[in-house]
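Input sequences plus hints: build the corresponding full structure.
Protein sequence lines, in the order shown, are assigned to chains A and B.
Taking the UniProt record's numbering, the leading residue of the first sequence gets 1, the next gets one more, and so forth.
Taking the UniProt record's numbering, the leading residue of the second sequence gets 1, the next gets one more, and so forth.
Think of the hints as simulated: they come from the structure by calculation, not from any bench.
Accuracy of the hints is not assured; some may be wrong.
Claimed, not checked - Cβ pair distances, simulated, as ranges:
| id | chain 1 | residue 1 | chain 2 | residue 2 | range |
| --- | --- | --- | --- | --- | --- |
| 1 | B | Asp-78 | A | Leu-267 | 47 to 55 Å |
| 2 | A | Glu-363 | B | Val-164 | 32 to 40 Å |
| 3 | B | Ser-88 | A | Thr-104 | 26 to 34 Å |
| 4 | A | Lys-140 | B | Asp-78 | 14 to 22 Å |
As the list claims (entries may be wrong) - Residues of chain A clear of chain B, computed beta-carbon distances all greater than 12 Å:
| id | residue |
| --- | --- |
| 5 | Leu-37 |
| 6 | Gln-54 |
| 7 | Asp-91 |
| 8 | Gly-108 |
| 9 | Asp-147 |
| 10 | Arg-184 |
| 11 | Lys-210 |
| 12 | Lys-266 |
| 13 | Leu-295 |
| 14 | Phe-312 |
| 15 | Gly-442 |
Glycine included, every Cβ here is placed at the ideal spot set by N, Cα and C.
Each chain is listed here by its residues.
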Amino acid sequence: MKRSILGAASIAALLACAGAAGAQQAASGSPKKGGALQVVVTPEPPMLMQGLNQNGPTNMIAGNIYESLLRYDEKLNPMPSLAKSWEISPDQTVYTFKLQEGVTWHDGKPFTADDVVFTLDKFLREVHPRWRPIVNAQVKAIEKVDDLTVRVSLKQPFGPFMLSQEVASAPMIPKHVYEGTDFRANPANNTPIGTGPMKFGEWRKGSFVKLVRNEAYWDKDRPHFDEMYFQFIPDAAARAVAYETGKVDVLTGGAVEIFDVARLAKLPNSCVTTKGWEMFAPHAWITPNTTRGILGNKTFRQAMMYAIDRDFGRDVIWSGYGKIPTGPISSKTKFYSAEGVKIYKYDPEMAKKLVKESGYKGEKLQFLGLPYGETWQRWAEAIKQNFADVGINMDIVSTDVPGWTQRTSNFDFDLTFNFLYQLGDPATGVARSYVSTNIVKGNPFGNVGSYSNPEVDKLFAEAAIAPAEARQALYTKVQQILAEELPVLWLLELDFPTVYRCNVKDLVTTAIGINDSAKNVWKE
Amino acid sequence: MLRFLASRLAKGVVVLLAIAVLNFALIRAAPGDPATVMAGEAGAADEVFVQQLRERFGLDRPMVEQLGIYLKGILTLDLGFSYRQGRSVASLVGERLPATLLLTGSAFAISLLLGTALGALAARRAGTWADTAITTAALLFYATPLFWIALMSQILFSLKLGLVPNVGYETIGAGYTGLARVLDILHHLILPALTLGLFFTALYARMMRASMLETAGSDYVRTARAKGVSPSVVTRRHVARNAILPVVTLAGLQAGQIVGGAILTETVFAWPGIGRLMFEALAQRDYQVLLGVFFVSSAMVVLFNLVTDLVYRAVDPRIQVGG
Numbered sequence: 001m002k003r004s005i006l007g008a009a010s011i012a013a014l015l016a017c018a019g020a021a022g023a024q025q026a027a028s029g030s031p032k033k034g035g036a037l038q039v040v041v042t043p044e045p046p047m048l049m050q051g052l053n054q055n056g057p058t059n060m061i062a063g064n065i066y067e068s069l070l071r072y073d074e075k076l077n078p079m080p081s082l083a084k085s086w087e088i089s090p091d092q093t094v095y096t097f098k099l100q101e102g103v104t105w106h107d108g109k110p111f112t113a114d115d116v117v118f119t120l121d122k123f124l125r126e127v128h129p130r131w132r133p134i135v136n137a138q139v140k141a142i143e144k145v146d147d148l149t150v151r152v153s154l155k156q157p158f159g160p161f162m163l164s165q166e167v168a169s170a171p172m173i174p175k176h177v178y179e180g181t182d183f184r185a186n187p188a189n190n191t192p193i194g195t196g197p198m199k200f201g202e203w204r205k206g207s208f209v210k211l212v213r214n215e216a217y218w219d220k221d222r223p224h225f226d227e228m229y230f231q232f233i234p235d236a237a238a239r240a241v242a243y244e245t246g247k248v249d250v251l252t253g254g255a256v257e258i259f260d261v262a263r264l265a266k267l268p269n270s271c272v273t274t275k276g277w278e279m280f281a282p283h284a285w286i287t288p289n290t291t292r293g294i295l296g297n298k299t300f301r302q303a304m305m306y307a308i309d310r311d312f313g314r315d316v317i318w319s320g321y322g323k324i325p326t327g328p329i330s331s332k333t334k335f336y337s338a339e340g341v342k343i344y345k346y347d348p349e350m351a352k353k354l355v356k357e358s359g360y361k362g363e364k365l366q367f368l369g370l371p372y373g374e375t376w377q378r379w380a381e382a383i384k385q386n387f388a389d390v391g392i393n394m395d396i397v398s399t400d401v402p403g404w405t406q407r408t409s410n411f412d413f414d415l416t417f418n419f420l421y422q423l424g425d426p427a428t429g430v431a432r433s434y435v436s437t438n439i440v441k442g443n444p445f446g447n448v449g450s451y452s453n454p455e456v457d458k459l460f461a462e463a464a465i466a467p468a469e470a471r472q473a474l475y476t477k478v479q480q481i482l483a484e485e486l487p488v489l490w491l492l493e494l495d496f497p498t499v500y501r502c503n504v505k506d507l508v509t510t511a512i513g514i515n516d517s518a519k520n521v522w523k524e
Numbered sequence: 001m002l003r004f005l006a007s008r009l010a011k012g013v014v015v016l017l018a019i020a021v022l023n024f025a026l027i028r029a030a031p032g033d034p035a036t037v038m039a040g041e042a043g044a045a046d047e048v049f050v051q052q053l054r055e056r057f058g059l060d061r062p063m064v065e066q067l068g069i070y071l072k073g074i075l076t077l078d079l080g081f082s083y084r085q086g087r088s089v090a091s092l093v094g095e096r097l098p099a100t101l102l103l104t105g106s107a108f109a110i111s112l113l114l115g116t117a118l119g120a121l122a123a124r125r126a127g128t129w130a131d132t133a134i135t136t137a138a139l140l141f142y143a144t145p146l147f148w149i150a151l152m153s154q155i156l157f158s159l160k161l162g163l164v165p166n167v168g169y170e171t172i173g174a175g176y177t178g179l180a181r182v183l184d185i186l187h188h189l190i191l192p193a194l195t196l197g198l199f200f201t202a203l204y205a206r207m208m209r210a211s212m213l214e215t216a217g218s219d220y221v222r223t224a225r226a227k228g229v230s231p232s233v234v235t236r237r238h239v240a241r242n243a244i245l246p247v248v249t250l251a252g253l254q255a256g257q258i259v260g261g262a263i264l265t266e267t268v269f270a271w272p273g274i275g276r277l278m279f280e281a282l283a284q285r286d287y288q289v290l291l292g293v294f295f296v297s298s299a300m301v302v303l304f305n306l307v308t309d310l311v312y313r314a315v316d317p318r319i320q321v322g323g
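Here is the structure:
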């Protein structure tokens, strides 16, 4: 695709990125330089090499060390990062990225198009579970045009491509450090080298990670802090006390139990935000194993949905945080629509009626709990009570994280909680839970409930590669079908509130919030 | 004596190998493996990816072969490599060891000295208010869950009184060096060491008291008193020395666990020790790290059992350790 034929779409894209660059400026007065930011993340990450590990805490720390081509605002519009501009061909199959000038790796070597090609075409293709399916199925070629220009050619239009370049999904990796090495055993994994605003300083295992300012950072006025410390405090109550005693400035989402958030928010100089999760949009649900007896019966699944008091779950269990979903797509994610979808209000009488109609004989169902802390345990107990009220018998089975992952991967459950990131676009973050090609053992985040509907498969497949303007109608249709059939029981669009000192400014300015670099953050 | 030592060391090696095999089997019996955990963390995975990880970690090989590789590593003192953390297990264990030794060693010293002294005092003042106070406090600390005492002490001494830090090994970001750093670490050590120490203090005090009272009723003590030996000499030479044997047994057991860390205390106080390393490795099925920590802990237990036997002989020459 020749750049000369790029048309109106590319001009629009250029304009869009110019506007977004402006949005990156600090929004809260003149930033002060210097000082240190103390952040709690939990649990301690296994490593900081973001290309190899995408654990939440890894992202929160390494998102300051590594960078990707793009960042995203809270409406999921792309913003410049290592790519200062981009052009999209009219047929939406060729993406040309112009790179920032004067960018260097933390070891002083220049960052060039060679690094981008190596990262996307070699490193992440081999090791990154989110990038692999995109690059293998959608990308025809990734080429260097010149030292500061990279061209990615797709096999066909792929709607979510522009959303696939956030730092956790596509962190840039230094070619000169990793080429020709065993990626997973490279010693540099312990002293990560990126282009980000902060450099790796020190990791005292079990205590903290220290990052220091990258004096050679390409975005000249940033970062504002001299140092950042990420502390590891394994006990949730002790984390809360550490915040109260002033040892830390920021409690990242999930660092304290949700029922502690309101109490901490009332402390002097304490603020709370739920922003910064627009890209990931964690969506929580119960997966019924549709291959097991009554759970394959749509009427019974609808009965379960009417039986669950989702408002109670949000207001009491989740302390008022979150939003009741209408279907498979989060209201934060592109192509969300509630138009014509079946709505399930809490209605025990309707549930009892449908339970009877379904032919349920009182058989005991096993509910595999999600071992992510007290809140999930309480939620399971509340739902058990909801089910008991309408005559559905259920036992809760406990396990730890590896146990849950293995049982879910092997479809060894009747019902289980799950929550998945939506990643901004239904093609990458939603379809995977419902399409029949994803009924594959060994993958805990596939279609583990084994729901299969050829029409749903077709709609998701078409929508992924349809022109942008045609996608909404296809996704609206699929939301209507799924809300009727209930392959899973959607419970809550989760919020993970971040608790922080109010004098910490511009903490969350992008769609991945605290998972992104803190280049704009400063302390008053 | 030398023959005894050689024999015990040989038995110790056999025991350690048996423990290593048992640990290996137990860990593999737990559901899940490192590959599924890592796939889970990424929030996405395909079958090929998970299989690649399994091959990488050697989990696709027959179980017997994996066990053989592990045992061969142990025999050459190679604890293996954690692909999950990108580090050798020896380095991971090694960097946690100082913090663990400081915490558990301090708690051991506090509990042994304070516990035996309080137990002896309670026995000498049996039936008085001092005895009642010591035994009640000991019962209370023994019966109360450690994590609850830990959290309450944080709320009282850190949050309300502001006397000591509630978590951590040192003040993060303060940049202390030399003596200032040592004092800072000791300041952070106070709460966890006392919390852990008080639990064992209670154990030692109860055991010392009971043992002394039992010994005080022995014929030879009565005889010593009848001979006119002064009460303090009777207590020191005849009662305490004989009564301390069960305490030595308990101390040997506790000393053996020093290297294994203290999972609860380290977790609640965010102390960067081996107990936490083990707990986190368990939660992530980091097999190599788990096996490494288990092995080092087992070796210490075996070693301290041997030391305990030797201390028996020093305390009570009637015991023939070689017999």
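Results for each hint:
Between B/Asp-78 and A/Leu-267 the Cβ separation comes to about 50 Å, which falls inside the hinted range of 47 to 55 Å. Taken as a hint, the range 32 to 40 Å is violated for the pair A/Glu-363 and B/Val-164, whose Cβ atoms sit roughly 56 Å apart. At roughly 31 Å, the beta carbons of B/Ser-88 and A/Thr-104 sit within the given window of 26 to 34 Å. One distance hint, 14 to 22 Å for the beta-carbon pair A/Lys-140 and B/Asp-78, is violated here, with the actual separation near 46 Å.
Chain B draws A/Leu-37 into its interface by the beta-carbon criterion, the shortest separation being 9 Å against a cut-off of 12 Å. The non-interface label for A/Gln-54 is inconsistent with chain B: the shortest C-beta to C-beta separation is roughly 4 Å, within 12 Å. At roughly 28 Å from the closest C-beta of chain B, the C-beta of A/Asp-91 stays outside 12 Å, upholding its exclusion from the interface. Consistency note on A/Gly-108: stated as away from chain B, and its beta-carbon is indeed over 12 Å from all of that chain's, at 23 Å minimum.
The claim that A/Asp-147 is not at the interface with chain B holds, since no C-beta of that chain comes within 12 Å of its own (minimum 31 Å). Distance check on A/Arg-184: its Cβ comes as close as 6 Å (rounded) to a Cβ of chain B, failing to clear the 12 Å threshold; non-interface status is violated. Listed as a non-interface residue, A/Lys-210 fails to keep its Cβ farther than 12 Å from every Cβ of chain B; the least gap is roughly 8 Å. Look at A/Lys-266: its CB is around 15 Å from the nearest CB on chain B, clear of 12 Å, so calling it non-interface holds up.
Taking the minimum C-beta to C-beta distance to chain B, about 22 Å, the non-interface status of A/Leu-295 holds against the 12 Å cut. Every C-beta of chain B lies more than 12 Å from that of A/Phe-312, the closest at about 28 Å, which supports listing it as non-interface. For A/Gly-442, the non-interface assignment is contradicted: its Cβ lies about 5 Å from the closest Cβ of chain B, within the 12 Å cut-off.
In terms of the numbered hints stated before, the structure departs from hints 2, 4, 5, 6, 10, 11, 15, listed from lowest to highest.
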